[in-house]
Structure formats: C-alpha cells, structure tokens
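Participant: Sequence:
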Amino acid sequence: MLSKKLTFRTIIILVLTLPFVLLAQEISNETIIAEYDGGKITKGELEERIEKIPAMYRQKYSTNEGKVDLLNMLGTEVIFYQEALSMGLENDEEVLQRIDLQLKSAFYNEYKQDLINQFIQIETKNEYEKRLVEQDEITYDSYVVKAGDNLRKIAGLDSIYNDESKWKIIFESNSDKLKSPGLLKIGQVLRIPRAKEPVEIKYEEVEFDVRNTITPEQQREMIEKKKQELFAKYNIEIINFILDSVKVEEVMEQKYPANEKFILSSNPDLEKYLADYLELNVKVAPQKIQRLQDAEDLKRMVEQSVEYDVFYLDALDQGLDKKESIKEISEQIKLNMILRTTYNRLVVEIIPTADEDLRKYYDENIKKFSTNPSRKIQAFVFETEKQAKNMRKKVKKALKKNDEETIAGIIENSAYPQKDGIIDHIYNNDIVPGFGKDKEFCKAIWDADPKKLSQISQNSKEEFLFFKILKDSLAVATPFDEVKGEIKTTMVKEISRENFENLKKELEAKYSLKKYPDRLLVKLTAEEYFNKSEESQKKKRFKDAIYYYDQIIKFYPNNVDDYKALFMKGFLYAEELNEKEKAIEMFNELLEKYPEGDLTESARFMVEELSGKTQVFEEIEGNK
125 MLSKKLTFRT IIILVLTLPF VLLAQEISNE TIIAEYDGGK ITKGELEERI
175 EKIPAMYRQK YSTNEGKVDL LNMLGTEVIF YQEALSMGLE NDEEVLQRID
225 LQLKSAFYNE YKQDLINQFI QIETKNEYEK RLVEQDEITY DSYVVKAGDN
275 LRKIAGLDSI YNDESKWKII FESNSDKLKS PGLLKIGQVL RIPRAKEPVE
325 IKYEEVEFDV RNTITPEQQR EMIEKKKQEL FAKYNIEIIN FILDSVKVEE
375 VMEQKYPANE KFILSSNPDL EKYLADYLEL NVKVAPQKIQ RLQDAEDLKR
425 MVEQSVEYDV FYLDALDQGL DKKESIKEIS EQIKLNMILR TTYNRLVVEI
475 IPTADEDLRK YYDENIKKFS TNPSRKIQAF VFETEKQAKN MRKKVKKALK
525 KNDEETIAGI IENSAYPQKD GIIDHIYNND IVPGFGKDKE FCKAIWDADP
575 KKLSQISQNS KEEFLFFKIL KDSLAVATPF DEVKGEIKTT MVKEISRENF
625 ENLKKELEAK YSLKKYPDRL LVKLTAEEYF NKSEESQKKK RFKDAIYYYD
675 QIIKFYPNNV DDYKALFMKG FLYAEELNEK EKAIEMFNEL LEKYPEGDLT
725 ESARFMVEEL SGKTQVFEEI EGNK
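Here the sequence shown is numbered in the working numbering, starting from 125 and rising by one per residue.
In short, the hints are calculated from the structure, not lab data.
Among the hints, a few may not be true.
Simulated pairs of lysine-lysine, DSSO-like, Cα-Cα distance not exceeding 30 Å [stated by the list, open to error]:
(1) K270 with K349
(2) K592 with K575
(3) K396 with K379
(4) K663 with K706
(5) K500 with K446
(6) K446 with K167
(7) K517 with K576
(8) K561 with K492
(9) K510 with K236
(10) K563 with K396
(11) K576 with K561
(12) K458 with K447
(13) K563 with K492
(14) K678 with K639
(15) K561 with K667
(16) K357 with K446
(17) K518 with K567
(18) K228 with K561
(19) K371 with K351
(20) K576 with K491
(21) K447 with K518
(22) K396 with K458
(23) K612 with K379
(24) K270 with K236
(25) K592 with K543
(26) K447 with K236
(27) K585 with K617
(28) K492 with K518
(29) K301 with K290
(30) K301 with K277
(31) K500 with K510
(32) K521 with K576
(33) K458 with K164
(34) K585 with K513
Simulated restraints on C-beta separations [what the hints assert, rightly or not]:
(35) N250 with Q378: 53 to 59 Å
(36) V472 with S186: 38 to 44 Å
(37) L239 with E329: 19 to 25 Å
(38) A419 with N188: 55 to 61 Å
(39) S186 with Q579: 53 to 59 Å
(40) D368 with E329: 22 to 28 Å
We put the beta carbon where it would ideally sit given N, CA and C, even for glycine.
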C-alpha cells in the first residue's frame with residue numbers, strides 16, 4: 125500500500141519512468157480520403173487545396189481538425205458539382221454569361237498588374253543605372269593654404285585624408301594652379317576631391333523602392349492611357365445620346381427601350397445593342413443595375429463594361445490566357461460560378477418570398493424584429509443577509525410613505541451607493557451594468573414582479589440584495605413595412621441553411637459519398653504526443669494536454685502508452701482542473717482495464733483521496 129506521504133511529484137516520476145512504444149506513420153498523397161459516384165479525392169488533392177489558401181488562413185487548415193473540415197467542404201463541393209453536371213449547368217447560357225463577366229474582370233486585373241510591372245521594370249532599370257553613376261561621382265571641398273603648409277601635411281590632416289601619401293590626389297586636382305608640388309601660396313584655395321564611400325547597390329532593393337513610390341494616381345494614369353490606346357485600336361464609339369433616353373426606373377422593372385446599336389467598333393464582338401445589353405445585366409449583374417440613379421450612372425457603367433471588353437480582347441492577343449496563374453483563376457471562376465448557381469437554384473430560389481410568406485415569418489419570429497426589453501432598478505446591496513432583511517423592512521415602509529429621505533440614507537450606507545443605487549439599461553443577457561457578468565442577479569431582476577419590491581437574493585459576489593423596478597421597458601415590434609427588407613434577408617438566410625443541410629444529405633446519398641477522415645490524421649509517435657502534452661502543461665494549457673493523451677489512447681492501444689496516458693488524464697483532472705468526478709471516472713476505468721500494473725496502487729490511492737477517504741490531497745494542495 126502506498127504511504128500517505130505520497131506526493132504529486134512522486135506519482136509523476138513513477139509515470140515518466142514507464143517505457144514508450146515508438147511507432148510513426150506517414151500518409152501517402154495517393155491515399156484516397158473520399159469516394160463518390162464519379163470520382164475520388166486523394167490526400168494530395170487536399171494538400172494542393174491547402175497550398176492555395178491565403179497564408180493568413182492556411183495554418184487553420186494544416187492541423188488534423190482543419191484538414192477534416194476541409195475534407196468535408198471538398199466532399200460537399202464534389203457532390204454539388206456532380207448535381208450541377210446532371211442539371212446541364214456546364215453549358216447553361218446564364219452560367220456562361222456570368223462566367224464571361226467574371227473572366228473579363230480577372231483578365232482586366234491581370235492586364236493592369238502587367239502594365240504596372242512593366243512600368244516598374246523600366247523605372248527600376250533607370251533608377252539602378254542612375255545610382256551607379258552617382259556612386260562614381262566625385263565632389264569637392266576647398267582648403268585655404270596656411271603658413272607652413274605643404275601638400276603632404278595637408279593630405280595628412282584628419283579633416284582631409286589623414287594620409288600624407290595621398291598628396292598627389294590634391295596636386296592632380298589643382299594642376300591648373302600649381303606649377304609644382306612645393307610651390308604653395310598662403311591664401312591659395314585648393315580643391316580637395318572627395319569620393320563617395322562605396323556602397324553595394326542591389327537591384328532588388330532598388331526595385332522595392334520604386335514599387336513603393338508608385339502612387340495610385342500614377343497607376344490610374346497608366347490604365348487610362350492604355351484604355352485610350354485600346355479604344356483607338358478597336359475604333360470604339362459609344363453613342364451617349366441613346367443612353368440619355370434610358371429611364372433607369374423602367375429598366376429595374378425589366379422594361380427595356382428600343383434595341384438600338386449604341387456601341388460601335390471595327391471589331392463586331394465589341395458592338396452592342398441597348399436592350400440586349402440591359403437585359404443581360406439585369407439577369408447576370410442585377411446589383412449593378414440596382415445602383416444606377418440616372419443616365420450618367422448608366423454611361424459610367426457602359427464605359428467600364430467596354431473597358432473590360434477591350435482589355436480582355438487585347439489580353440487574348442498578347443497570350444495572357446496562356447499564363448499559369450490566369451489558367452488557375454479561370455478554372456476556379458468556372459467552378460465557383462457553377463457551384464454558386466447550383467446553390468442558388470436548389471437552395472435559395474425555391475424559397476417563397478411573397479408578402480404573405482414574409483408576413484407569416486414576421487409573425488412567427490416577432491422577437492427578431494422587436495426592440496430588446498430592458499429594466500431600470502434601484503438596488504439595495506448589503507454584506508450580510510441580516511442587514512438585507514432589516515433594510516428591506518425599512519425600505520418597504522418608506523415606499524408606502526413616499527419617504528425618499530429614508531431611502532436615500534439606506535442607499536448611502538449600502539454596499540452599492542453609486543448613482544443612488546440606480547442601474548439602467550439592464551437586458552436579459554446575464555449582465556448587470558456596474559456588476560458585470562452576474563447570471564443570478566440578472567435572473568432575479570427579470571423574474572421579479574415589476575410592481576413589487578423584490579425578495580432578497582444574492583449576486584455573484586455573494587452580497588445580499590433586493591431592488592425596486594423603476595422602469596419596465598417592454599419589447600416593441602417594428603412595423604412590418606419598415607422591416608420588410610430585413611425580414612426577407614433574415615428569412616432567406618435561415619431557410620437557406622436548413623435547405624442546404626437537407627440537400628447536402630440528399631446528394632451525399634444520391635452520389636454515395638464516403639469520407640475517410642481517419643486516413644488524414646497524421647500520427648505522431650507516442651513519445652512525441654507525451655512531449656507535446658508536457659509542453660502544454662508547462663504553458664498551463666491543460667485541456668490541450670488532455671487532447672494529446674486522448675490521441676495516445678486512440679492511436680496506441682498497446683497496454684503501455686494508453687495505460688500511462690489514461691492515468692495522466694485522471695491526474696490532470698484531479699490536480700489541475702479540479703474536476704474530481706471526471707478524475708475518479710478516469711482512475712476507475714484504469715483499475716477496471718488494468719487491475720494489475722505499475723500504476724494500480726497509485727490509481728487506487730487517488731480514488732480514495734478524491735473520495736475523501738484520506739487527507740493527503742489537502743497536504744498536496746497546501747504544498748503547491
């Protein structure tokens with residue numbers, strides 16, 4: 125039997141002396157992590173997707189949990205794409221039009237960046253050469269000859285070269301006024317050449333400087349210049365007087381003007397007809413149409429549209445579509461647009477949004493469109509229950525007599541005299557202004573009858589209190605017509621979530637999606653998990669430490685590592701997290717699974733200690 129003098133350190137040392145079973149496992153990129161009718165997902169494909177995630181979010185998906193989350197997303201993506209193919213969305217006219225708009229925007233941005241990069245290259249080359257020339261430039265100081273000077277003496281001065289042997293430099297620089305090195309005249313002014321200290325000029329540093337000196341205005345000028353060149357190249361003419369006749373409000377109602385040609389060009393692909401153009405944008409870019417206020421807005425929208433078109437055509441002429449980065453972007457645009465359309469048609473567009481549907485949702489969820497109820501109280505707070513009982517009687521009498529002076533005196537001598545004990549803007553959210561998060565106090569306030577002095581209760585600081593409700597502001601519903609837009613947004617968002625989850629389950633079954641998240645888990649050696657757990661404990665991150673012990677129990681059921689990890693879990697629950705019931709459960713599980721082992725006595729001892737059968741735990745706590 126273990127001695128009652130057993131300490132925490134003794135038990136830990138005992139656990140640490142048990143051996144590890146070493147086993148590491150690597151997962152091949154060829155490993156299949158999901159299968160469905162029509163294909164599979166490999167670990168390599170998942171890793172490729174992680175690499176494409178922006179750096180600031182990549183770490184999240186590099187963990188085991190993050191990879192499982194990403195696998196779930198990829199699984200959803202592939203079954204939605206399969207459904208899109210079955211719906212023929214790959215060749216759907218509206219989808220292709222949306223893709224076309226997105227591609228033109230992507231090419232436009234890439235073209236702009238290429239223009240800026242070309243400008244940077246030219247400016248960097250010029251600046252680099254300029255700095256090299258400046259590096260070789262010689263500047264001159266002057267020196268007035270004094271009595272007793274000679275060129276050696278002058279060259280040796282600290283303020284000159286501090287080196288007498290350099291007298292020839294001075295002589296050669298003043299050969300027009302010195303016949304020989306020894307013929308100096310008092311008062312004569314000599315030129316003293318100064319070479320710059322040699323500094324290494326790095327091309328990449330010059331490029332960095334140039335890139336950071338380009339202003340947004342310069343960038344706009346570059347783009348505008350190129351735009352005018354391309355408008356001239358393709359003989360673009362926008363007939364604005366036709367646009368002047370367009371009534372924007374009618375366009376929003378899908379009433380279109382005559383189908384006149386209003387964009388002329390030497391390239392037929394760039395010519396456009398007004399009604400066709402407006403109808404297309406209402407269908408595939410409704411947000412642009414909704415932002416229009418007048419014909420001038422429409423003209424700006426048209427000009428930007430033509431700008432995208434000419435940049436896109438010229439980009440194709442220059443072979444920009446052959447760039448790997450553009451290829452990837454183009455494929456992603458196509459995939460995203462097909463998936464988004466699938467989602468919209470199967471999840472969002474099936475939601476009825478007529479006025480009667482919105483009204484029904486409004487009535488059933490009236491709290492969402494109402495102000496938050498709040499209460500204002502006058503609190504009487506005391507340190508003991510006896511004080512609170514006595515004061516409550518006095519306050520009750522004073523209220524009947526409207527004796528405000530007595531009430532003020534009681535408040536002044538209470539534990540909360542601030543603002544005469546008045547607390548306003550109390551919402552039913554477990555927070556009481558001035559007291560912070562206080563679930564019990566807040567509950568008492570909202571359970572109280574607003575017409576009566578409350579009963580005595582306790583707050584989180586174990587103070588005793590009662591209160592009078594001064595104001596009870598009930599929830600007020602905002603009229604339906606004022607929040608109609610908000611109702612639609614809220615309703616569509618909520619129902620979309622339900623529809624999405626239901627559709628996802630339906631498609632998982634339809635396409636027989638099977639995911640294997642366990643194949644993704646990177647298994648460390650048992651020793652590595654133990655080390656990580658130990659590091660977590662040093663940082664007081666005990667939940668993390670328990671997570672690593674759980675991984676050992678899961679991956680290494682070898683009666684050595686899992687045995688030790690189970691014991692350590694129990695000890696952390698007992699010693700660091702103060703969850704005695706959980707700790708007892710762990711130790712009892714260990715005793716049941718391993719009735720005979722090096723830690724059996726320790727586990728039995730801990731169960732007795734945690735159950736209150738010994739006093740050693742108190743001794744341990746006292747020695748912390």
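Participant: Tell me the hint numbers this structure goes against, listed in increasing order.
Facilitator: 1, 5, 9, 10, 18, 21, 24, 27, 28, 36, 40
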